[in-house]
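**Student:** Here is how the chains run, residue by residue.
Number of protein chains: 2
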Amino acid sequence: MKRFLLLLLILFTINISAQTDAETLKTIYTTSLTNGKSYEWLDYLSNQIGGRLSGSLNAEKAVAYTKEELEKLGLDKVWLQPVMVPKWVRGAPEYAYIETGPGKTTTVNICALGGSIATPYGGLKANVVEVQGIEELKKLGEANIKGKIVFYNRPMQADLIQTFEAYGGCVDQRYAGAMEAAKLGAVGVIVRSMNLRLDDFPHTGSMTYGDLPNSKRIPSAAISTNDAETLSTMLALDKNVKFFFSQSCRQLADVQSYNVIGEITGSQYPNEYIIVGGHLDSWDLGDGSHDDGAGVVQSMDVLRLLKESGIKPKRSIRVVLFMNEENGLRGATKYAEVAKQKGENHIFSLESDAGGFTPRGFSFDCSDAVFSKIESWKPLFKPYLIHYFEQGGSGADVGPLKTETNVLAGLRPDSQRYFDHHHAANDTFEHVNKRELELGAATMTALVYLFDTYGIAPISNSNQIKD
Amino acid sequence: MKRFLLLLLILFTINISAQTDAETLKTIYTTSLTNGKSYEWLDYLSNQIGGRLSGSLNAEKAVAYTKEELEKLGLDKVWLQPVMVPKWVRGAPEYAYIETGPGKTTTVNICALGGSIATPYGGLKANVVEVQGIEELKKLGEANIKGKIVFYNRPMQADLIQTFEAYGGCVDQRYAGAMEAAKLGAVGVIVRSMNLRLDDFPHTGSMTYGDLPNSKRIPSAAISTNDAETLSTMLALDKNVKFFFSQSCRQLADVQSYNVIGEITGSQYPNEYIIVGGHLDSWDLGDGSHDDGAGVVQSMDVLRLLKESGIKPKRSIRVVLFMNEENGLRGATKYAEVAKQKGENHIFSLESDAGGFTPRGFSFDCSDAVFSKIESWKPLFKPYLIHYFEQGGSGADVGPLKTETNVLAGLRPDSQRYFDHHHAANDTFEHVNKRELELGAATMTALVYLFDTYGIAPISNSNQIKD
Chain P
1 MKRFLLLLLI
11 LFTINISAQT
21 DAETLKTIYT
31 TSLTNGKSYE
41 WLDYLSNQIG
51 GRLSGSLNAE
61 KAVAYTKEEL
71 EKLGLDKVWL
81 QPVMVPKWVR
91 GAPEYAYIET
101 GPGKTTTVNI
111 CALGGSIATP
121 YGGLKANVVE
131 VQGIEELKKL
141 GEANIKGKIV
151 FYNRPMQADL
161 IQTFEAYGGC
171 VDQRYAGAME
181 AAKLGAVGVI
191 VRSMNLRLDD
201 FPHTGSMTYG
211 DLPNSKRIPS
221 AAISTNDAET
231 LSTMLALDKN
241 VKFFFSQSCR
251 QLADVQSYNV
261 IGEITGSQYP
271 NEYIIVGGHL
281 DSWDLGDGSH
291 DDGAGVVQSM
301 DVLRLLKESG
311 IKPKRSIRVV
321 LFMNEENGLR
331 GATKYAEVAK
341 QKGENHIFSL
351 ESDAGGFTPR
361 GFSFDCSDAV
371 FSKIESWKPL
381 FKPYLIHYFE
391 QGGSGADVGP
401 LKTETNVLAG
411 LRPDSQRYFD
421 HHHAANDTFE
431 HVNKRELELG
441 AATMTALVYL
451 FDTYGIAPIS
461 NSNQIKD
Chain C
1 MKRFLLLLLI
11 LFTINISAQT
21 DAETLKTIYT
31 TSLTNGKSYE
41 WLDYLSNQIG
51 GRLSGSLNAE
61 KAVAYTKEEL
71 EKLGLDKVWL
81 QPVMVPKWVR
91 GAPEYAYIET
101 GPGKTTTVNI
111 CALGGSIATP
121 YGGLKANVVE
131 VQGIEELKKL
141 GEANIKGKIV
151 FYNRPMQADL
161 IQTFEAYGGC
171 VDQRYAGAME
181 AAKLGAVGVI
191 VRSMNLRLDD
201 FPHTGSMTYG
211 DLPNSKRIPS
221 AAISTNDAET
231 LSTMLALDKN
241 VKFFFSQSCR
251 QLADVQSYNV
261 IGEITGSQYP
271 NEYIIVGGHL
281 DSWDLGDGSH
291 DDGAGVVQSM
301 DVLRLLKESG
311 IKPKRSIRVV
321 LFMNEENGLR
331 GATKYAEVAK
341 QKGENHIFSL
351 ESDAGGFTPR
361 GFSFDCSDAV
371 FSKIESWKPL
381 FKPYLIHYFE
391 QGGSGADVGP
401 LKTETNVLAG
411 LRPDSQRYFD
421 HHHAANDTFE
431 HVNKRELELG
441 AATMTALVYL
451 FDTYGIAPIS
461 NSNQIKD
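Top line first, the protein sequences correspond to chains P and C. At position 210 of the first sequence (counting the first as 1) the number is 210 in full-length UniProt numbering, and the numbers step up by one without a gap. At position 124 of the second sequence (counting the first as 1) the number is 124 in full-length UniProt numbering, and the numbers step up by one without a gap.
Simulated from the structure, these hints should not be mistaken for laboratory data. Since no wrong hints were added, every one of them can be taken at face value.
When chains are identical, the list treats them as one kind, so a pair holds in a single copy or across two.
Below are the BS3-like pairs computed for lysine-lysine, each with C-alpha atoms no more than 30 Å apart in a straight line:
(1) Lys-382 <-> Lys-26
(2) Lys-382 <-> Lys-402
(3) Lys-378 <-> Lys-26
(4) Lys-61 <-> Lys-342
(5) Lys-312 <-> Lys-378
(6) Lys-125 <-> Lys-239
(7) Lys-77 <-> Lys-61
(8) Lys-87 <-> Lys-342
(9) Lys-242 <-> Lys-146
(10) Lys-382 <-> Lys-37
(11) Lys-146 <-> Lys-183
(12) Lys-37 <-> Lys-61
All chains, please: the whole structure from these sequences, using the hints.
**Tutor:** This is the structure we're talking about:
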């Protein structure tokens with residue numbers, strides 16, 4: 001019986017080797033769409049665990065759950081990589097209103113930005129200065145800012161096709177807005193949510209005080225886009241309207257956490273590593289389904305789909321679930337540090353951290369020569385409507401692994417809906433479509449298969465795709 | 001003052017003519033994303049009017065509303081084209097259960113298929129035969145079918161990337177299932193909903209009795225995918241489970257309705273027509289936002305966006321809002337009939353009837369020579385992530401306009417979520433994303449602009465794109 005099974009295994013392996021790359025991709029996509037696990041895992045992560053802010057109990061539950069699930073896959077190794085992470089807690093729900101006169105108040109939706117300090121006990125009320133950004137703030141200067149709440153209201157640019165570009169053009173207000181306003185004597189900061197849609201959800205996200213001493217730090221919060229419009233309108237009618245907000249968030253001491261790692265060890269080049277990953281932590285307002293539960297479960301499924309498709313990798317393939325991308329990047333830093341110490345050759349690192357929407361392709365951080373090789377694979381993806389192969393940034397978590405010769409990449413899903421949900425209470429499971437998630441997992445697996453098969457050496461006759 | 005305005009107009013026109021095509025497309029997309037009207041129109045159509053089944057009061061409201069809105073745009077002509085349409089009404093809500101024994105019943109979610117007859121007064125209860133399709137039904141033959149309810153349960157094929165293909169592979173069960181089962185003596189038909197997702201929504205849609213006399217017709221309904229799974233499982237456990245359903249739908253006499261048409265008359269070739277359209281009627285369960293409110297408002301916005309972008313068409317551009325696509329195609333038939341009578345040369349007809357999701361491209365029904373010309377325009381669309389230019393079907397409403405020389409096309413949005421909503425109670429406004437809808441309108445406008453500029457004559461030096 002054992003011999004029979006061995007024979008079957010050999011026949012099966014030969015069969016896979018004889019497949020063209022196009023056939024292997026077909027097997028991968030079919031397996032993901034008919035027998036994928038990513039959606040089931042995401043259901044658990046989102047609905048049984050929920051938001052997974054670094055240092056929280058939920059983050060630790062997510063570590064335990066994903067480790068356990070990876071252990072069920074029969075990988076060669078699964079382990080936890082310890083890393084200390086910051087622990088910021090939101091505290092009691094925030095409260096805010098616009099005051100147009102004595103007793104005349106309009107409640108608005110805000111949330112503290114991640115890393116912000118609390119308002120003074122009982123809240124903070126002050127006049128408001130609306131600005132379109134840090135440049136305008138600096139022009140206004142201390143005379144106009146001192147003692148006031150600064151309201152950053154530059155919206156995301158609607159006519160940019162790729163919404164991440166619009167985000168990049170606005171996020172400085174959220175990240176550095178409080179620091180810059182504090183330097184000019186502001187008492188608080190309110191930032192228009194990074195959201196292209198008009199709705200009632202405030203969107204949190206990381207911010208920094210830079211080198212500001214504790215005594216100079218001021219509280220900052222995001223306001224929903226609808227309420228940003230309301231506040232702006234009220235200010236246009238009367239410069240003297242006041243804004244009140246109250247939040248009780250704080251930064252605690254760092255706590256122990258982990259990156260979760262699983263590996264299929266390579267059969268021919270075990271010291272060449274290919275990794276796929278997403279970040280296990282999320283913000284606390286929603287359940288982090290798109291950011292980045294999707295990337296986590298897709299990355300886990302890449303290793304499973306390789307196995308299910310009968311692919312035996314030549315190189316070592318790892319899934320890395322990074323801890324603390326949102327407010328510290330400690331997991332990614334630690335992973336790269338350890339990889340360097342061990343002299344591990346990470347030839348290709350792929351990140352999925354742009355939502356679980358229909359995949360459109362990848363952006364690649366690599367040399368022109370290697371990119372030409374990668375572009376030669378593009379026709380293989382056409383049946384799956386994957387068309388976007390561009391040189392560009394990859395992702396925050398794989399970034400620290402960059403060398404002169406290796407390749408980093410980021411999955412690029414359709415981005416139109418992403419910022420409707422990003423860092424907000426409506427980043428929840430029901431907004432993820434099963435097929436779109438599975439198509440993403442398949443697309444990542446297909447790319448990993450090709451990198452495993454052909455490596456990153458410049459193109460030659462010996463590594464033409466099999467068609 | 002008048003002379004000054006004229007001068008301004010001339011300068012503006014010259015300015016537009018001097019633009020490269022790439023610049024014109026940029027203007028179109030920016031206008032749609034920052035100053036589009038499609039989402040506002042859809043909000044009204046969906047939330048103030050709602051489902052618009054042919055012959056219903058809502059359908060007439062939609063005719064009046066869209067005509068009024070088109071009249072506000074300053075087009076050269078806006079008119080109603082009369083057409084008689086069928087009027088099928090659902091009646092009281094359907095009710096159904098699975099009976100596993102005396103008093104042991106499980107309620108399930110069904111809806112009558114469009115065009116079905118009612119069950120007998122008090123409902124219909126019978127044993128069930130599950131089949132995977134019409135072929136299996138025929139194999140089973142009258143002996144196994146007579147007196148029973150036929151349950152068509154072939155699911156949509158999950159591993160097809162384009163969901164419309166999966167729909168095409170299943171919809172015969174819904175359309176012809178009752179007719180074929182009736183021929184073998186079945187008393188009723190239940191069809192698994194055309195939905196790739198497991199959920200509780202039954203999805204309606206058209207069906208036919210062909211030439212069957214009234215006395216031979218049997219009622220047919222769709223069952224939700226979750227309940228189809230339940231019924232199938234129960235049948236596997238016990239072949240003798242019974243199914244009960246009750247529905248009171250009926251077909252009334254035809255009523256008067258209209259296609260709604262608006263036109264910008266061409267400045268150079270007024271007798272060459274380019275049309276864009278969607279269908280104004282919808283099913284009655286949801287509000288028809290994706291099917292086809294999206295196509296209606298996008299088509300309306302094409303004419304508006306041309307005007308807003310300062311484009312003065314050489315050819316006549318029409319928006320046609322077709323009545324009765326869902327259960328008769330009477331509007332499309334009428335439009336094509338009148339066009340033929342009048343000898344109107346419809347060189348290009350574009351339909352949007354695949355949902356308001358992120359546009360990916362178009363499929364074109366045309367000769368290879370013209371397709372080569374169209375393909376030469378593809379690079380212009382790359383900045384907008386439009387990559388899908390393929391020869392293939394166009395759409396039901398523009399189909400009757402086909403000639404040997406002209407071009408038909410269908411907008412091809414991302415199709416992954418479409419059948420989650422198609423013909424079901426959850427085809428509603430909140431499932432349409434504003435940007436995705438606007439990108440679709442812009443993409444249609446861009447293509448119309450190019451057809452207006454270069455016509456459909458085979459490519460020559462004189463009609464190279466301006467870059």
